[in-house]
Amino acid sequence: MFYTIDILGTIAFAISGVLVAFNKKMDLFGILIIAFVTAVGGGTLRDLLIGDTPVSWMRDITYTYVILTSAVFAIIFRSKINYLRTSLFLFDTIGIGLYTLVGIEKGINAELHPIICIALGTMTASFGGVIRDILCNEIPVIFRKEIYATACILGGITYFLLNELPIKTNIVFVIAGIVVIATRLLAVKFKIALPNIYKE
Amino acid sequence: MFYTIDILGTIAFAISGVLVAFNKKMDLFGILIIAFVTAVGGGTLRDLLIGDTPVSWMRDITYTYVILTSAVFAIIFRSKINYLRTSLFLFDTIGIGLYTLVGIEKGINAELHPIICIALGTMTASFGGVIRDILCNEIPVIFRKEIYATACILGGITYFLLNELPIKTNIVFVIAGIVVIATRLLAVKFKIALPNIYKE
Amino acid sequence: MFYTIDILGTIAFAISGVLVAFNKKMDLFGILIIAFVTAVGGGTLRDLLIGDTPVSWMRDITYTYVILTSAVFAIIFRSKINYLRTSLFLFDTIGIGLYTLVGIEKGINAELHPIICIALGTMTASFGGVIRDILCNEIPVIFRKEIYATACILGGITYFLLNELPIKTNIVFVIAGIVVIATRLLAVKFKIALPNIYKE
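Protein chains in written order, with full-length UniProt numbering: chain D, 1 to 200; chain U, 1 to 200; chain S, 1 to 200.
Think of the hints as simulated: they come from the structure by calculation, not from any bench.
Bear in mind that the values here come from a model prediction, so they are computed numbers and not experimental data.
Ideal Cβ positions, reconstructed from N, Cα and C, are used throughout, including at glycine.
Some clues are possibly wrong.
[As the list claims (entries may be wrong)] Straight-line Cα separation of at most 27 Å, DSSO-like style, residue types lysine-lysine; simulated pairs:
#: 1; chain 1: D; residue 1: LYS80; chain 2: D; residue 2: LYS24
#: 2; chain 1: S; residue 1: LYS80; chain 2: S; residue 2: LYS168
#: 3; chain 1: S; residue 1: LYS24; chain 2: U; residue 2: LYS25
#: 4; chain 1: U; residue 1: LYS189; chain 2: S; residue 2: LYS25
#: 5; chain 1: S; residue 1: LYS80; chain 2: U; residue 2: LYS24
#: 6; chain 1: D; residue 1: LYS189; chain 2: D; residue 2: LYS80
#: 7; chain 1: U; residue 1: LYS24; chain 2: D; residue 2: LYS24
#: 8; chain 1: U; residue 1: LYS25; chain 2: U; residue 2: LYS80
[To be verified] Just some of the chain D residues that point at chain U, by a computed CB distance under 10 Å:
#: 9; residue: ASN23
#: 10; residue: LEU48
#: 11; residue: GLY107
#: 12; residue: ALA110
#: 13; residue: LEU112
#: 14; residue: HIS113
#: 15; residue: ALA119
#: 16; residue: ILE134
#: 17; residue: ILE147
#: 18; residue: ALA149
#: 19; residue: ILE181
#: 20; residue: LEU185
#: 21; residue: ALA187
[Claimed, not checked] Listed next, with one range per pair, are the computed distances between beta-carbon atoms:
#: 22; chain 1: U; residue 1: ILE171; chain 2: S; residue 2: LEU68; range: 29 to 35 Å
#: 23; chain 1: U; residue 1: GLU164; chain 2: S; residue 2: LEU165; range: 29 to 35 Å
#: 24; chain 1: D; residue 1: LYS80; chain 2: U; residue 2: ILE76; range: 45 to 51 Å
#: 25; chain 1: U; residue 1: LYS80; chain 2: D; residue 2: GLU164; range: 47 to 53 Å
Chain D on its own, in the form it takes in the complex (with noise of 0.2 Å):
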């Protein structure tokens, strides 16, 4: 169940970096790498800093067939690919959520501070876009705008605080995935942003 998310959220990231390599007019073999740092970078730099190596996407073969493979299909079908702009941004949203998750958990075995888990999740799921973004040299969209890191860092606290609850903690998992994604969901639908400091 969560691997499937996890292998949904991983297409939907690197599908979403073949479109903006697209736009930068990359080579096909800029465009791989592309898809692939932005749907395993995050994750890669969790692992770097907790010191749990060789990184993920190394001991598991799967997530480069589903990266190439989603990453391929893209290139083959991308005057296509607009009519799967919903279908995409959910995965994506969906996979925030989980990507979150995953960080948390991972900090919480390496028996860090609930902050820094918080932090290791946002990293998990905003990172890879981060990285993305830099090799395209452009400002990380994510310092810019969009609920996307707030997102994360509402479930991270959500699920610190029902875990001091006498609830189980697959529910908390749950819970706390469900509030990344329904953050998300409303912020782009209300166009909710944070607050603007630049004019007052």
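Based on the hints, put chains U and S in the right spot on chain D.
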């Protein structure tokens, strides 16, 4: 004592991150991230390279609190921050002095060559600013001007030279730190830069 | 023998870094850093991802000496460096051949999947140039043109295919290296590029 200086340095680095992120019109989340990476980026790279994981700031939550508090403070009082410019410059300079020595000491503990230790010290002191500039899509300022890294390197050389003499380690430590700080202060005061190699 | 080639590759990579940094009008320190990361960046990423720390160049000071000497040499004789362009291209090409194989071998020793080993080899050979371009605020050249990574990948595939046959490992090693070098030389000579996917 060292810990206090470390915290002062962290504050100065975090605030310098906030100021750069402001100029790039980043949102609240982007500003916090830039503050964070500016403050801990150098130490994180050092820890990753020598394999000392989880990296330092993950093991001591104090840094997170200090950085977040400094950043929020800088955001709220941003119109007043100019009055603090001299204090911040001093904190920053003291910070690089200390960060350099922390990096060198970690290198020695990992039994690395003195040159590598000096490189680690310089990285600890300067790499946070490099990541800050990359994330803001600028050529890192350290590569274009300012006696910054040079000060770290001179301090590092001083450390290893004095260590050959019969002087107590603590005193060597203090003198090397003073060399870093004095070099930077004098360079800024007298506008000393590296020799220009482009026009001759 | 391998060590000599490794050093030649390091020299070529370091000088290529100096030339790029020149174009960006970096100061002396910036130039040295770019030379350094171009030469050791790929191996550093590889070592971090598989958890082999402290990373290679920290354990063998020779690399540091070679890189600094090459960089100083390139800075002093920068007006003459054009005469060496062909030699440098050859060193660089031989360098990526060897770096690819070093990466693959490290992956095998870490018991990783052949595809991951090939990825490690390609990274070792190409990532230094990627970091160089990111630090210089360019979209990495490897993502936009040139059969560079493709040569590494072909060499990697050759290695694993031949390893199935009853051929001595040393000979497989040499043949795979020749495939990398020949692919790159032929691609540059005949201006072969990856298929353009933008105009059809």
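Inset, instruction - Run the structure past the numbered hints and jot down the numbers of the failing ones, going up. - result: 2, 5, 9, 19, 20, 21, 23 and 25
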